[in-house]
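Participant: Below are the chains, spelled out letter by letter.
There are 2 protein chains.
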Amino acid sequence: MTTHEKKKTGGLAGIVAGDSAICLCSADDENLLYRGYSINDLASHTSFEDVAWLLLRGQLPNPTELADYKKRLRSMRDIPATLKSILELIPSTASMMDVLRTACSALGTMEPETTSTPPFAIADRLIACFPSMLFYWFHYHKSGKKLVLDSGEDTVAGQILHLLHVIPPKEEHRRALDVSLILYAEHEFNASTFTVRTIASTLSDFYSAICGGIGALRGPLHGGANEWAMALLEKFSTPAEAEKGIKQMLSDKKLIMGFGHRVYTTSDPRSAIIKKWAQKLSQTAADGFLFPIAEQIEKIMWQEKHLFPNLDFYSALTYHFSHIPTPMFTPLFIMSRITGWSAHLLEQRANNKLIRPLSNYIGPNHKAWGPQA
Amino acid sequence: MTTHEKKKTGGLAGIVAGDSAICLCSADDENLLYRGYSINDLASHTSFEDVAWLLLRGQLPNPTELADYKKRLRSMRDIPATLKSILELIPSTASMMDVLRTACSALGTMEPETTSTPPFAIADRLIACFPSMLFYWFHYHKSGKKLVLDSGEDTVAGQILHLLHVIPPKEEHRRALDVSLILYAEHEFNASTFTVRTIASTLSDFYSAICGGIGALRGPLHGGANEWAMALLEKFSTPAEAEKGIKQMLSDKKLIMGFGHRVYTTSDPRSAIIKKWAQKLSQTAADGFLFPIAEQIEKIMWQEKHLFPNLDFYSALTYHFSHIPTPMFTPLFIMSRITGWSAHLLEQRANNKLIRPLSNYIGPNHKAWGPQA
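Those protein sequences? They're chains A and B, same order as listed.
Everything in the first sequence is counted per the numbering used here, starting at 632 for the first residue and increasing by one.
Everything in the second sequence is counted per the numbering used here, starting at 632 for the first residue and increasing by one.
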């Protein structure tokens, strides 16, 4: 293998790892389809529950199916008392991603998948109870409060904001989060989804695959990027300061999170959608500086590096304006992407082949045996 | 992309996913090298602790380094009281793989990796305390006993058997397990190691990557195969019965675990080594039938399908003759493979590129938006 060929396969960039009917992430027209529907239509016309159903079951629900599905998800929000005890034992200092990874794994010991588990059961269960796990842990360690896990809200977005703030959310914030959950739900063979499929390909159980997905999403080169984007935005007080700071970071060759994408080349079709929400919320938040700072950074990154904001950049602002603490940004990504992960897991199982590539050996030649010095 | 090309990339079979200096798994001469040393030399001359050091640090330890390393691992066997409480809460009915996945994840909330964590610290910690986690949970739920986690044994193999049986192991059983831990320690880009590297490639933390590895290993097409091999062996009472049974399974197109390999084509170099140990232990176990049954199955599988036993097949027997319960076989695989996983994780970090392949879209074309029926 030549060096050039080796370089090409680094990180499997450009390598097709399998077939999928779930998502088309198209660099040619910078478009994104879930099961054939464009992300613009979905973000304009549907709810996250529609999209969860679409990704898992392959078509959009009719109104009766949607109403039943919302009821079903609502009925699955409580978690076992033993899991609550475990969440109470997890340190208050823990990363929230580690809390969800551990809680998901622990739930797998209490409600394990068996040969008689219906295909969507664990997916729906996790969609319903990831918010419960996180916010039970959060409030217990913040104030000793043992949270009641059904807020009465009939949407996942409403449940998340209500459990977080312990009051009913403003509709504007709820819908912004709802749209963000739609945008984050699925994105083809990204690193966490590919992890889920690799684990599923050994015929392991549902929880094992999802725990792997959470672990992969945690990294700053993947889901963690939205938290890093927020940290970047908060460094600056004016657009002029941001311009100077970003130019300095670029000249120091620092990695700037929230820009560019492995698949898209000129824009991320999700970014324009969430940017509108960030702008809208910035107005009611009476924020005079963060949104213009973000736009300035966007402008400089395009001027200097021809890099465009990806979904993470304006999502960070949208969450911030909804008073969501930054360490929850990637956990919210889990609460959305569980839908895409689950759809891929089931697709992998339906036509399984063990995912097992080769490595190119660059180590020492065979060493003869001798006693060690 | 033609159908033929698509077929070739299924499961990434034959695709080189990156460089590695850790292991050469050679189909040409059916050999296996760890850092240049042949598996035969390592299994004859070294201990599992030598191999753990070799895989992580790149060379074999000298006698002083080895003695210090054994002391270091021994000093890391205890686990936090909070983790013990969590293990007490995990149901007695849980899969032991789920117990270790959850305990590993929970430890990550208590002893998280930080930017100042030394590179080998978490690897060594997990090598030392995976046996503690499993056997603390096991004895607590079996008899209510809260196990003391340092058995006094100075090897991982001794610690495992001593914690399991709560008496010092026979040297023959200890060394057989020691050899098995050497053989299971590393195997290039297998599904669990590739999972670990994919998670590490997002720059996620050590525990996240290892939890993913455990999840992948759990599947019957990967680590779970040794448990399935034992279940198969126990179906038969005589070699003649085994011959008849296996031929029937083959004619029913049933998958027979413990045979064949994605990389090797005519034999698994590890199988002959562990087979000798299975034979040796069968003699002192005064077992008159399981070993001959295994040999008969090996013969039939070669005759009928040209398939050879892989490491899992005779490992199952070796464990069985050491009075290790079958549901512990894959957990023991974790206690060994943690070394290879950790070496790959560190190698991935040293020259990182996000692992993110593409999918071949086979879903519906763009659907125009319309109200759902």
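Check each hint, because a few of them may be wrong.
[As the list claims (entries may be wrong)] Derived coverage of chain B by chain A (criterion: at least 3 residues anywhere in the stretch with Cβ under 8 angstroms from a Cβ of chain A; other residues may be distant): (1) 760 to 768; (2) 797 to 804; (3) 917 to 926.
[Stated by the list, open to error] Here are the simulated lysine-lysine pairs, DSS-like style, with alpha carbons at most 30 angstroms apart: (4) Lys-984(B) <-> Lys-936(A); (5) Lys-701(A) <-> Lys-998(B); (6) Lys-998(A) <-> Lys-777(B); (7) Lys-715(A) <-> Lys-907(B); (8) Lys-701(B) <-> Lys-911(B); (9) Lys-984(A) <-> Lys-866(B); (10) Lys-907(A) <-> Lys-701(A); (11) Lys-701(B) <-> Lys-998(A); (12) Lys-998(B) <-> Lys-907(A); (13) Lys-984(A) <-> Lys-702(B); (14) Lys-930(B) <-> Lys-984(A); (15) Lys-884(A) <-> Lys-911(A); (16) Lys-930(B) <-> Lys-911(B); (17) Lys-776(B) <-> Lys-984(A); (18) Lys-984(A) <-> Lys-701(B); (19) Lys-984(B) <-> Lys-930(A); (20) Lys-777(B) <-> Lys-984(A); (21) Lys-936(B) <-> Lys-801(B); (22) Lys-885(B) <-> Lys-930(B); (23) Lys-701(B) <-> Lys-907(B); (24) Lys-878(A) <-> Lys-984(B); (25) Lys-998(A) <-> Lys-907(B); (26) Lys-998(B) <-> Lys-702(A); (27) Lys-866(A) <-> Lys-984(B); (28) Lys-884(A) <-> Lys-984(B); (29) Lys-701(B) <-> Lys-776(B); (30) Lys-715(A) <-> Lys-776(B); (31) Lys-998(B) <-> Lys-911(A); (32) Lys-773(B) <-> Lys-984(A); (33) Lys-984(B) <-> Lys-998(B); (34) Lys-984(A) <-> Lys-911(B); (35) Lys-911(B) <-> Lys-878(B); (36) Lys-984(B) <-> Lys-885(A); (37) Lys-777(A) <-> Lys-801(A); (38) Lys-702(B) <-> Lys-998(A); (39) Lys-984(B) <-> Lys-875(A); (40) Lys-936(B) <-> Lys-907(B).
Don't read these hints as lab results, they were simulated from the structure.
Glycine included, C-beta positions come from ideal geometry on N, C-alpha and C.
Participant: Which hint numbers doesn't this structure obey?
Facilitator: The structure breaks hints 1, 2, 3, 6, 7, 13, 15, 17, 18, 20, 21, 32, 33 and 34; every other hint is satisfied.
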